[in-house]
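If you read the sequences in order, they're chains A and B.
With this note's numbering applied, the first sequence closes on residue 250, and no number is skipped along the way.
With this note's numbering applied, the second sequence closes on residue 110, and no number is skipped along the way.
There could be a bad hint or two in this list.
To be verified - Once the Cα atoms are required to be at most 16 Å apart in a straight line, the calculated EDC-like pairs of lysine to aspartate or glutamate come out as: (1) A/180 / A/196; (2) A/35 / B/17; (3) A/245 / A/223; (4) A/161 / A/201; (5) A/35 / B/12; (6) B/21 / A/76; (7) A/230 / A/171; (8) A/198 / A/171; (9) B/89 / B/53; (10) A/161 / A/71; (11) A/206 / A/217; (12) A/180 / A/163; (13) A/120 / B/53; (14) B/49 / A/223; (15) A/230 / A/220; (16) B/23 / A/30; (17) B/49 / B/31; (18) A/198 / A/76.
To be verified - Pairwise CB distance ranges, derived in the manner of DEER restraints: (19) A/200 / B/90: 36 to 44 Å; (20) A/216 / B/83: 27 to 35 Å; (21) B/26 / A/246: 53 to 61 Å; (22) A/194 / B/105: 24 to 32 Å; (23) A/202 / B/105: 47 to 55 Å.
Claimed, not checked - If you want the ones that stay clear, here's a sample from chain B, every Cβ over 12 Å from chain A, calculated: (24) 12; (25) 24; (26) 32; (27) 36; (28) 60; (29) 79; (30) 80; (31) 84; (32) 87; (33) 91; (34) 100; (35) 104.
Please keep in mind that the hints were generated in silico from the structure rather than gathered at the bench.
Please read all numbers here as calculations on a predicted model, not as lab measurements.
We put the beta carbon where it would ideally sit given N, CA and C, even for glycine.
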Amino acid sequence: MNCIIIDDEVTARVIIEQLCSKIPDLNVLDAFPDAMQAIKYLNQNEVDIIFLDIHMPDFNGFDFIQALKNPPKIILTTSDSQFAIEAFEYDCIVDYLVKPIVLPRFKRAIKKSLAIAVKPSEGLLNSSNIAVSSGDYLYINIDRRLIKIDIPSIYLVEAKGDYIHLKTESKNYTVHSTLKKIEEKLPDDLFLKVHRSFIINVQEIIDIEDNSVLIKKDIIPVSRSNRAELMKRLNLL
Amino acid sequence: MEQPNLSYINDLSGGDESFKEKLINIIRMEFPNEREIYFKNIESKKFKEAAEVVHKLKHKISILGLEKGYEVAANFENNLIQNSELGKVDFESILSAITDFLASYDVIL
C-alpha cells in the first residue's frame, strides 16, 4: 500500500512516517506541509491512503477532501477530537486518530482501512472546479492548474452556458462550472445574485439605474425579483 | 507539577536511538520559534494567531508526555479563539517547563 502524509508540522510528519515504518508493505511515497502541494502530487500519482491533518492554515483537511473528485482512503490525524462527527460524513474517511498517535491505535486504523475496498485517487478538483480555502480566497481549476483567487478582488461572475466568467481586478478567468456552485462558495455579505446570469460584488457598485447596475465598466441587468434585496444591501442616505 | 518526559518518544522509537534523536532535535528546533511567535501574538493581543500557535504547541506538549498540560493548552486555545486570555499563566508555566527540559536534553539522553 502506498500512502502520503499531509501535515503542516514537521514533528507530526516525522511521527507518522515512523509509525508507517512499523507496518509491513506500507510505503510512504511523500509527505507534504500543505494541502495544495498534495493536490498537485495527486494530479500525477495514485495513492491508497492519505494521512491527513485537519487543522492546517489556509486550506484545511476538509477543504482538501472536498477538492478531490475521487478521494482515496483517508485517515485523519488531528489534535482536536471535536471534528469527529463531521469527519464521518465523508465516505472516504476510514478512521480518525487523535494526536499523540500511539502504535497500537495506528495499527488498528490500518487494519480498518484494509477492510475497505480500494478507491483509486484521481486527484482532480470536484465537479464544480472550485475549491474554497478557509481564508479569503478560492482556487479554480483551469487546465489542471490550480489558480488562487482573492475573493474580494472578484467583482463580477457571469454564467455563460456550461462555463462561468470570473472578472477580478487584475485578470479574467473562464471556468467550467455553474453560477449556482460558485454562489455557494462566495460570502453572502459581499456578493449578490442580481440576475439569473450574474453575481456581483456589491462593494464594487458605482451606480444603479432602474434595471441595471454599473460595476467597473460593466453594465449588469438587475432582475425585478432581485432588486429589493439589492436595495436593502445599499447604504442609502 | 507534571514534568515533561520521553515516555511517548521512547515507545514510538522502539529502541531506535537515531529516530529518537531526530525527533527531539526537531522539537528543539521548532519549539523556541513557536514559543516566540506565541509571545509576540499574545503581547500584541492577536488572540486568533496566538490560538494557531498554541494548537501547534499543544501537540508538542502531548509528545512530551504532559497529559494535564495538554488539557490546559486545549482549554487555553479555545479561550483564545473566544478572545479570552483565561489560562494564560498555567499555559506559560508549561512552556517554561518544556524550555528547561529541552535545555537539559543532552543530560537526559
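Tested hints:
1. A/180 / A/196: It holds: about 14 Å lies between the C-alpha atoms, which stays within 16 Å.
2. A/35 / B/17: This hinted pair holds, its Cα atoms lying about 12 Å apart.
3. A/245 / A/223: Distance ~15 Å between residue 245 of chain A and residue 223 of chain A Cα, so the pair holds.
4. A/161 / A/201: violated (20 Å)
5. A/35 / B/12: Roughly 12 Å between the alpha carbons, so the hint for residue 35 of chain A and residue 12 of chain B holds.
6. B/21 / A/76: violated (33 Å)
7. A/230 / A/171: holds (14 Å)
8. A/198 / A/171: holds (15 Å)
9. B/89 / B/53: holds (15 Å)
10. A/161 / A/71: OK: residue 161 of chain A and residue 71 of chain A at ~11 Å, within 16 Å.
11. A/206 / A/217: holds (14 Å)
12. A/180 / A/163: holds (11 Å)
13. A/120 / B/53: Violated: residue 120 of chain A and residue 53 of chain B sit about 29 Å apart, past 16 Å.
14. B/49 / A/223: Measuring from Cα to Cα gives roughly 44 Å; hence the hint is violated.
15. A/230 / A/220: holds (11 Å)
16. B/23 / A/30: Satisfied, since the Cα-Cα distance of roughly 12 Å is no more than 16 Å.
17. B/49 / B/31: violated (20 Å)
18. A/198 / A/76: holds (12 Å)
19. A/200 / B/90: 36 to 44 Å: Since residue 200 of chain A and residue 90 of chain B have Cβ atoms about 37 Å apart, the given range 36 to 44 Å holds.
20. A/216 / B/83: 27 to 35 Å: Between residue 216 of chain A and residue 83 of chain B, where Cβ atoms are some 29 Å apart, the hint holds.
21. B/26 / A/246: 53 to 61 Å: Given range 53 to 61 Å: holds, Cβ gap about 55 Å.
22. A/194 / B/105: 24 to 32 Å: violated (56 Å)
23. A/202 / B/105: 47 to 55 Å: Given a distance of about 52 Å, which is inside 47 to 55 Å, the answer is holds.
24. 12: Violated, because the least Cβ-Cβ distance between residue 12 of chain B and chain A comes to about 7 Å, which does not exceed 12 Å.
25. 24: For residue 24 of chain B, whose nearest Cβ neighbour in chain A is about 6 Å away, the distance does not exceed 12 Å, so it is violated.
26. 32: The claim is violated: residue 32 of chain B sits with its nearest Cβ about 9 Å from chain A, within 12 Å.
27. 36: holds (14 Å)
28. 60: The claim breaks: residue 60 of chain B does not keep its Cβ more than 12 Å from every Cβ of chain A (closest is about 5 Å).
29. 79: Check fails; 9 Å does not lie beyond 12 Å.
30. 80: For residue 80 of chain B, whose nearest Cβ neighbour in chain A is about 15 Å away, the distance exceeds 12 Å, so it holds.
31. 84: Fine: 19 Å to the nearest Cβ keeps residue 84 of chain B off the interface.
32. 87: Label holds. Min Cβ-Cβ 19 Å, cutoff 12 Å.
33. 91: Non-interface label on residue 91 of chain B holds, nearest chain A Cβ at 18 Å vs cutoff 12 Å.
34. 100: Consistent with the label, residue 100 of chain B stays out of reach of chain A, its closest Cβ about 16 Å off (over 12 Å).
35. 104: holds (18 Å)
When held up to the earlier numbered hints, the structure conflicts with 4, 6, 13, 14, 17, 22, 24, 25, 26, 28 and 29 and fits the remainder.
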